[in-house]
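Protein sequence lines correspond, in order, to chains P and G. Quick note, the first sequence lines up with residues 1 to 372 if you use the working numbering. Quick note, the second sequence lines up with residues 1 to 556 if you use the working numbering.
Be aware that one or more of the hints could be misleading.
What the hints assert, rightly or not - Here are the simulated SDA-like pairs of lysine to any residue, each with C-alpha atoms no more than 25 Å apart in a straight line:
| hint | chain 1 | residue 1 | chain 2 | residue 2 |
| --- | --- | --- | --- | --- |
| 1 | G | LYS382 | P | ALA9 |
| 2 | G | LYS293 | G | GLN203 |
| 3 | G | LYS443 | G | ARG546 |
| 4 | P | LYS243 | P | GLY298 |
| 5 | G | LYS334 | P | LYS241 |
| 6 | G | LYS382 | P | SER20 |
| 7 | P | LYS7 | G | ILE386 |
| 8 | G | LYS382 | P | ILE11 |
| 9 | P | LYS3 | G | LEU381 |
| 10 | P | LYS7 | G | TRP211 |
| 11 | G | LYS382 | P | GLY19 |
| 12 | P | LYS10 | G | GLN204 |
| 13 | P | LYS10 | G | ALA219 |
| 14 | G | LYS334 | P | ALA9 |
| 15 | G | LYS492 | G | PRO454 |
| 16 | P | LYS133 | P | ARG277 |
| 17 | P | LYS241 | P | ALA263 |
| 18 | P | LYS241 | P | ARG277 |
| 19 | P | LYS7 | G | GLN204 |
It should be emphasised that the hints constitute simulated quantities derived from the structure, not laboratory data.
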Amino acid sequence: MAKPAAKLAKIALLLFVLGSFYLVAVHRHAERDAVRSTPVALTPDCVQKLDRYGLAVGRLYESPYAFERTGLHKSLRGYTEEDVRAIQRGCNIVDDTHGRLAQDPYRDRWNAKRFIRGSHATCNNCHQGVGDKQDAAGNRMKGSLHLGASWVMGDMYDRFTGLLLPYELRQMQCYINASNGYKPNIADDVIRDVTAYSRFLSAALDMTIATHYEEQGIDEVTASATHKQGDDYVRGELLYKQKCMHCHGPQAIGLEADGRVVAPALAGPNAWNMQSRNNFYFVSTVLAGFICRNMPKGQENTLDNQECRDIAYYISNLPRPAGDRQGPVVALQQQLLMRALPPLLRLTESSPSKSAAPAAETRAQPVLGHAE
Amino acid sequence: MKALALALKSRALLWQQQLPAANNHLLVGLTLALVTLPQAVAFSVTLAGVPPHFGIYAAIWGVLFCAALNPSPVFHGGPNTAMSAAIGIILLPTAAPFGAEYMGLALTLGLMTGLIQLMFWMVRPLGRLLDLVSEPVIDGMICGIGLFLIFRSLTTFGGLPVNTEVEWPLWIAWHSFLAILEVGNLYAIQIGLITLATCAVLQQFQRLRHWAILVGIAAGTLYSQYLSATLGLQNTLIEQIGNLSSIRLVSPSVPAFTQDALPDIVTIVPGAVTLALLGLFQTVAAMRRMSRKAGGFTDSRKAIFADAVANCALPFLSSLPTCASFNRMWLVHKLGIHSRITIAASAVLLLLLVLFLADAIAVIPMPAMAAVIMLLGANMLKWEDIRPHLTNRREAIVFIASFLAVIFLDLFSAVLVGSLLAVAYSKWEQAHPNVSLHGNVLKIRGNIYFGSLPVIEAVYHRAVERAENLIIDISECYYIDPEGIRWLAAAKAAHKVGFVDRRSGDDRRLAEAAADRRTGEERRAAAATAPQDRRLPEDRRAVRRRERDRRRRSEF
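Pulled out of the complex, with its shape left as it was, chain G reads as follows:
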């Protein structure tokens, strides 16, 4: 009896310990599901020009596939703003939105995207190219996306019809803001403000943080139901999520690959390449950034593989393509739970919600959803993440450039502009080694390669004119390309300089291995330097003295 009681007690204790954790997982999953839902509906209908179930299936199956295949615990896939907008832009010239032909082509586009992404996984250097997106670029993009989400949600927040999708958001934001103040639906604004205030206030308390968004949506929905009950929906004119009852567990589909569609398919191939890159860039960038924030690491090749396989499968499930979502991953991080199970749970919960609670979801007001998306956007603008990039001038320029590029161009150009600037800066850095002349020792710190040679030569020739018995110290050179080796050999052959290389064993062996690849003549020319190359680290002055002695001897 006693043992049983003890066992029960310990079991109860165990439950008590596990319960909050399990609770939290479920709660975060539910929050994620509810946040993904309006985005899925909005992205598919307003951006991609396909029915809402495309986005919802992407939010279910896309997230599940990624959670299964991608080992990163911070990764959240599903429908994506930039990809959805790109689909709309790519397909608009070929077919009429919402038509059967258009949907078939959208699925074909998704499949081609998946296949191209698979190629990025198979060809390793292509995948590595994606890693060139640096941290300030990603943070600039995150801030830009945050602002963009706030701007984009303004009209829905004010209960106004959405004005436009693909124009410069800043102009529209200002006019949308004025329009809300002057002609917005006041009931919609009330619902939006109640949701926003509830979420924002609850977020301030550590304990209630996880509940903030759910309670906010609940408060907005309750108020909207109250308004509908007292005034009638025909008077308040509040837009609601609406009927989702057509959604089933699985809805199989086949991409259009008929003879008739072939010319159209050929014309959208460049679009598929853009879409594949757009997805992979976001996936790799977002995953690296959020992994680093969570203190972990996941190989980007695995993420590429997960995305590629998911995108090859999704067109057969009537779904939009998937890639990482900055704003939802940010939410996962903010809620403080890093687990693939939670993320998979969010997809399953969303499926259960749309299958069994379609009626309850149907009355959620859109202004409340817009308020939540605005809050997500505001949470992405964090001074703690921006400040480190502003201390270094170069990083600040890269950061601001990619931020402005999101606002004024689009996501893809932001990646290109930011990455090109970042790569240009790092190349510039490498092309300017630190070359200093002390006495007759010319010390080179950095690379000796085709880009940096002119800089070194300029100092070298001035030094040769001034100092006799010049010695080039290459101890702190970590990379010398064949052109650099040829130049060093030529300098040696002209009998004007000596060399010092005080690198430790491994580095030197590497340098020697490199030297062995030289032509016979070069090897002969460089042979003279060999004794010095093998010299062990020692006092620079002693080296100089010995060098001078050797030179004098050779003069006689």
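Next comes chain P alone, as it looks inside the complex:
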């Protein structure tokens, strides 16, 4: 008699587990649906940006920016309430991925920080100006990683692997490598809303589909565009100390104050990982191009190409997390480098011999690089 009872209990337990799984799923779906239909609290930058581009519910959409430039009225298909909320959430995700400015990071940006390891990476670090960087005169800038320009190129063939990369998968690469994080599912709202926002940007700026704009991607700095002195670590280190160290810190691990990231990490646990294209060894032209156009803050375009490449070379040599596909051994090695080296270096730098011999500092830093 005991055996059938046990079997019955087993079956009941099984059905209970499966049933509760279903109920939890239904509950979470309802929660998402509720969030999709609640108004979005925008970040200050997003309020400004979306107001300027006249995002509103309506049957037709006319871009104020395009009118201002061309003097022509051009009507596009308008946005429903749901579309507007998706675009607003997309803007929030790009501007403030970690939800530091939000009351409820789940509601306004689908808790996007869940897919990011470390506390520094946000979309806005690279895709500056909330994905739409403009100069003082309101002109879009060359090689500014513009999200709208990127969207009109839609599904690109990857330059390096030759595979077709849909816009959604390109976002995933950002999450995996640039923010050293996890891959959201392609059907997740996190991906969909950023796509909606990018698409809205392209409409607002009157961009044409399948056209290559020079705002897309990076204004890459090739070796042939330099003084042809080769990429130099020592020069890079010196330049870093003069131009970058003030904000990004002596070991490039970034600067945080009052819970806000003042300057994001360029190395160490919060930085992009070794499989990101920011790495000099992977693609040598990308980080250099970014530095030339965007750094140092307030003095953009002051560094020449050779200097940018030297700095990029130096930064790429600092320890950072390994990429997912590099396996646990490299991951462990990089973790050791990141965790064990900074305290050792601090020790060397604060030792009394340092004041006597300034060479100690320059000797200590290359260790950091060579270790990689």
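Chain P is fixed; fit chain G onto it per the hints.
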């Protein structure tokens, strides 16, 4: 009349007895065919980067070849997760997936794999090397694969697009799980849960066990058809197996061996070696494990031969390479039928299914298939198989290491990590013989060889200092290598010790035969020990007394 009636009656009785058995064979064959089908489609499309018919032909011809050539009644070949994934990883840098060049290279890779495996069959020691995979390694791998199957099926179960193939599954599993809860397709989840619940409940009953998977898939498919009828497929967005009507009885193909492809072929040779090893390791390990479970034994060389020949033939039939499949063999074992005929029948049934019932198969929903694969994975995690390995510390470490290696590295590294640990442990064991000193008798239990000599020497030199007339008892040594013999001879030559060897005839003759291989000087040095060596077993104290007397005599 009466005789006829009797004959008929007896015939009917005979049928009655045979019918359930034949029924069971057919049922198990059908279940196997239905379980293999989604795996074949998924492995070829998502992992190997080739069209689905590659996997399906592997599930038909690969299984048939193995059933014909491999005498093991528990062996089930066909497409394999690890091999398919390896093909994708090996070929991705050389050509674009699904292209003609890529498919040609995939066939070439398969043929090279077969030829390398044939070499493993011809060179006997190479084949023996594969036997070094121990039971805890295999069980650790089985548990890892079980979890891996559950994780891998999560996204399909929730009706979501598959995120990725070759990254660490644990991270993706967690995020996939959250994604199912939050953005999964609720209709897909309903179908998956109905299939899962039906299968799992039916599995609890001995009588219905064989029907569980079939009925589960049927229930899922019926519910999915109901949803499509009431809501429309465009609203439910349920993924189905789809059109397989392009599959014919045989589809001949030729591996790419052109002048143009030669540089690419050279670059994938190391990949072919990896693939060959990957297949053989799994085949040998899975077959040994499942044979032992079923209480049988099959020579692994025969399995290697079967795999090698099958893999040499399959590239000419547009098929992926074959090797043993842990999860399907587990299913065969669970269904309790060990017969090559059943396994061959499953391949034939699959062929008939895709030839004649392609329309019916096309509507089977993928979430139901994912649920079945998850169930297979869960069935592979059995506490009764894990528990024995956790009682011994060393086995537990080997087991856990290979389990974690499957989860965090891959199948091949799991084999390497586990086997290296297991071999290291057994070598460690051999290098530490039990050396004990009672009075002036130094007893050595274990091996005397280069690895264990330092351990023996340490005790020996301490004993020589303390005890006079030391006697070394090597009665329980079962292996002495030339270095050990030289050391014993040197110890003897220094006139410090005597020897006792009380092994019975055969062992002693072997030891003497070994002794004859010594150099002349060593033989002379050892000649003094000969009288004692030939001594018959007797009381240790008497031996010691006689030894002492002899020593005293020689002193004067």
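Query raised in the report: Does LYS293 (chain G) pair with GLN203 (chain G) here, judged by a C-alpha cut-off of 25 Å?
Result: 20 Å, holds
Report task. For the pair supplied as a hint, LYS382 (chain G) and GLY19 (chain P), confirm whether the alpha-carbon distance does not exceed 25 Å. Result -> 23 Å, holds
Query - LYS7 (chain P) paired with GLN204 (chain G) [C-alpha distance capped at 25 Å] - result: 7 Å, holds
Query raised in the report: Does the structure keep LYS133 (chain P) and ARG277 (chain P) at a Cα separation of 25 Å or less?
Result: 21 Å, holds
Query - Restraint status (C-alpha distance of LYS241 (chain P) to ARG277 (chain P) at most 25 Å) - result: It holds: about 24 Å lies between the C-alpha atoms, which stays within 25 Å.
Query raised in the report: Is it true that the CA of LYS492 (chain G) sits at most 25 Å from the CA of PRO454 (chain G)?
Result: 17 Å, holds
Query raised in the report: Are LYS382 (chain G) and ALA9 (chain P) close enough, with their CA atoms no more than 25 Å apart?
Result: 19 Å, holds
Query - Proposed proximity, GLY298 (chain P) with LYS243 (chain P) (alpha carbon, max 25 Å) - result: 12 Å, holds
Report task. Compare the distance between the alpha carbons of LYS10 (chain P) and GLN204 (chain G) with 25 Å, and conclude whether the hinted pair is satisfied. Result -> 9 Å, holds
Requested in this report: Take the C-alpha atoms of LYS7 (chain P) and TRP211 (chain G), compute the straight-line distance between them, and say whether it is at most 25 Å.
Outcome: 18 Å, holds
Query raised in the report: Given the hint that LYS334 (chain G) pairs with LYS241 (chain P), does the C-alpha gap stay at or below 25 Å?
Result: 67 Å, violated
Query - Hint consistency between LYS7 (chain P) and ILE386 (chain G) [alpha-carbon to alpha-carbon, up to 25 Å] - result: This hinted pair holds, its Cα atoms lying about 22 Å apart.
Violated hints amount to a single one, hint 5; each of the other numbered hints is respected by the structure.
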